[in-house]
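Asker: Below, each chain spelled out in residue letters.
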Amino acid sequence: MLVSVVVCACILVAVSLRLSSRWPARRRALVAATVLVLALLPFPYGLAPWVLSYLGDFSLTSGMLALLAILHRLRGHQFLSMGQTRMACLLLVFLALWFYPMSLGSSYEDPYAWGFGDLIFSCMLLLLGVVAWLSRAYASCIILVVAQLAYAWRLLPSDNLWDYLIDPWLVFWASGWLIRDRLLARRARQRLAVSQPEAASAAPVRTES
Amino acid sequence: MALNKWMHWGIGALLLVAFLMGLPGRALHSDPPFMAEHVPAHDVVDGQWQMRFASDAETALVHAASMVELPDGRLRAFWFAGSREGAQDVGIHSSVFDPAAGAWSDETTVVTRDQIREGWGRHVRKLGNAVPVLDDNGRMRLFVVAVSFGGWAASRLVVLESWDQGESWQFDRALTTSPFLNISTLVKTPPVRFADGSVGLPVYHEMIGKFGEMLRVGEDNRILDNARIGHGRKAIQPLVLVDSPHRATAFLRNESDDHPGMLYRSDTYDGGSEWTPLVSSGLPNPSAAVGGVALSEGHWLLVANCNSVERDDLCMRETRDSGRTWTDRIYFHNRVSWRGGDLEENRFLNMIGEELDGTFGVIRDQPYLQRVEHNKCFARGCEFQYDYPYVIQTSNGDLHVLYTWNKSAIRHAWLPARQPDKGGRG
Chain A
0 MLVSVVVCAC
10 ILVAVSLRLS
20 SRWPARRRAL
30 VAATVLVLAL
40 LPFPYGLAPW
50 VLSYLGDFSL
60 TSGMLALLAI
70 LHRLRGHQFL
80 SMGQTRMACL
90 LLVFLALWFY
100 PMSLGSSYED
110 PYAWGFGDLI
120 FSCMLLLLGV
130 VAWLSRAYAS
140 CIILVVAQLA
150 YAWRLLPSDN
160 LWDYLIDPWL
170 VFWASGWLIR
180 DRLLARRARQ
190 RLAVSQPEAA
200 SAAPVRTES
Chain B
0 MALNKWMHWG
10 IGALLLVAFL
20 MGLPGRALHS
30 DPPFMAEHVP
40 AHDVVDGQWQ
50 MRFASDAETA
60 LVHAASMVEL
70 PDGRLRAFWF
80 AGSREGAQDV
90 GIHSSVFDPA
100 AGAWSDETTV
110 VTRDQIREGW
120 GRHVRKLGNA
130 VPVLDDNGRM
140 RLFVVAVSFG
150 GWAASRLVVL
160 ESWDQGESWQ
170 FDRALTTSPF
180 LNISTLVKTP
190 PVRFADGSVG
200 LPVYHEMIGK
210 FGEMLRVGED
220 NRILDNARIG
230 HGRKAIQPLV
240 LVDSPHRATA
250 FLRNESDDHP
260 GMLYRSDTYD
270 GGSEWTPLVS
280 SGLPNPSAAV
290 GGVALSEGHW
300 LLVANCNSVE
310 RDDLCMRETR
320 DSGRTWTDRI
330 YFHNRVSWRG
340 GDLEENRFLN
350 MIGEELDGTF
360 GVIRDQPYLQ
370 RVEHNKCFAR
380 GCEFQYDYPY
390 VIQTSNGDLH
400 VLYTWNKSAI
410 RHAWLPARQP
420 DKGGRG
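Protein sequences appear in the order of chains A and B. So in numbering that gives the first Met the number 0 the end of the first sequence lands on 208, straight run, no missing numbers. So in numbering that gives the first Met the number 0 the end of the second sequence lands on 425, straight run, no missing numbers.
Treat the hints loosely; a few may be bogus.
Said to hold, decoys possible - What the simulated footprint calls covered on chain A by chain B, stretch by stretch (three residues with Cβ under 8 Å from a Cβ of chain B suffice, anywhere in the stretch; the number is not a length): (1) 21-34; (2) 44-51; (3) 65-71; (4) 80-92; (5) 158-172.
It should be emphasised that the hints constitute simulated quantities derived from the structure, not laboratory data. A virtual CB, placed ideally from N, CA and C, is assigned to each residue, including glycine.
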């Protein structure tokens, strides 16, 4: 329960830092600290218990990404490369497109049930981790390690391994990130297309001295 | 470079350790069989049923009763009650039936919305169905539907524990049963037991999909497993009747346009790990909850609305061949002839008065009549409603049925295995 509240608090702080990204550093740090304290207060005073009441529990993956986002906003260091983030978001969205309809009743097969203790599911996660490890995508490996260890110690309220790995809000964020990524890429291409003819027309001009 | 190499192998080792630690112990073991708890009793169905009220008509609305046998042979019943369904004042009410005295105790509120809010540390907007389990060590557990926002489709399940046979309760935990915001899981029907001490809790989902499932819950209230009974938008409120250690049948309330007006059925042959696709049971039902009990292998009783349109009757059906053929045994109520919702109020109240006359311990000037008038009479007329049956057989062979009587009272039908000398009224 406590870990669930801390994860939620991290997400709220990350969101507040994102929203205040144009403010001076000192003011943003103050906002983040205030949000953290407000979030961690117990029910009914705290922000996190109310958010959890309406949005459900967040996964540890969301919590870890929020932590990385906080460090990025406060220290300026990017822990995940754009390529790795893009790959992870794509993986999440495709996984969700298969996982949620099946788990919410579209078939007799229920992937959510595997999360209550299924050897094949755990082996699949190990395989995924090994692929990430061989590709040196260490952030994905660490996320898998932390989620499985937290599940072993039952740090979240859920008894299901899936709930440690993904949640709907993480999928919404991944979808949003991919859309923004596409928009930024398109804008960059348009800018390039505009600047290239100018450069091309500018090149042959010679002035005689 | 050396550091990178160490980090690389270190993360690889961590992956392996996390995999081994995250492996659930039960993943390597086979699932336990059911406990087939049949009470050796004679054919009790033809005796004389006695009718009582478990509730006192204290509140405007009562609904969704359940019950459990206490170690001394008494019964404790639970239901939700308040000013209206979904109101903030709805709590879980309870009373105790003493078969020796043939009477129910006064109704008390045993679980409130605030109590769950405080224990859980989350907002709770309203409460709903509650289902009890009594463990061998005397601990009683209550699985309660709690809603933080929206309607019943946003329900979550919480577990409370009692060490004084249901008089007082402590919040234990909320169950996470769905990957989408953990919403849309409800209980209604009696749990079943497994040989390893775990409990099979039939649940159902109502958001996006409408289907049943059976959760296997351990003694520590952790979910060990779940198995789907149907899928899509077809059927809810699975009633599971256990025949033998590996065989059980579920009857489900029909929520689809396929086989309209019929109960659905699904079977398991491996102790509940896999359930067969839903098929029509051939039993008419107006998309209403069903109760029942397995008296012995293949010999089952079902209590339900026995027409395909309205909840204005309630009957008991019996099968001795695992549901291939059914016999209508008893109609607790049959008001099909007055269907339409336009029954003139005086005539309706006279008929309700007759039902009160046939109820032990009730006199007409008690508030039941006013409650029924408030709940079931409208501008164009009045209508009858008998629904949400919950059936158990106690260890001495007695049969007990609780159901919602015109939204106004929890009515109790009791068939003692050995008829008391004083007789009874049906």
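Asker: Would you mind marking each hint as holding or not holding in the structure?
Answerer: Each hint tested on the structure:
1. Against chain B, the segment 21-34 of chain A contributes 0 residues with a C-beta closer than 8 Å to a partner C-beta. That does not satisfy the three-residue criterion, and the hint is violated.
2. Against chain B, the segment 44-51 of chain A contributes 3 residues with a C-beta closer than 8 Å to a partner C-beta. That satisfies the three-residue criterion, and the hint holds.
3. Counting residues of the segment 65-71 of chain A whose beta-carbon sits less than 8 Å from any beta-carbon of chain B gives 0, not enough to reach three: the coverage restraint is violated.
4. Restraint check on the segment 80-92 of chain A versus chain B: 0 residues with Cβ-Cβ distances below 8 Å, three needed, restraint violated.
5. With a cut-off of 8 Å between beta carbons, the segment 158-172 of chain A has 8 residues touching chain B; three or more are needed, and the interface restraint holds.
Going through the hint list in order, the structure does not satisfy hints 1, 3, 4.
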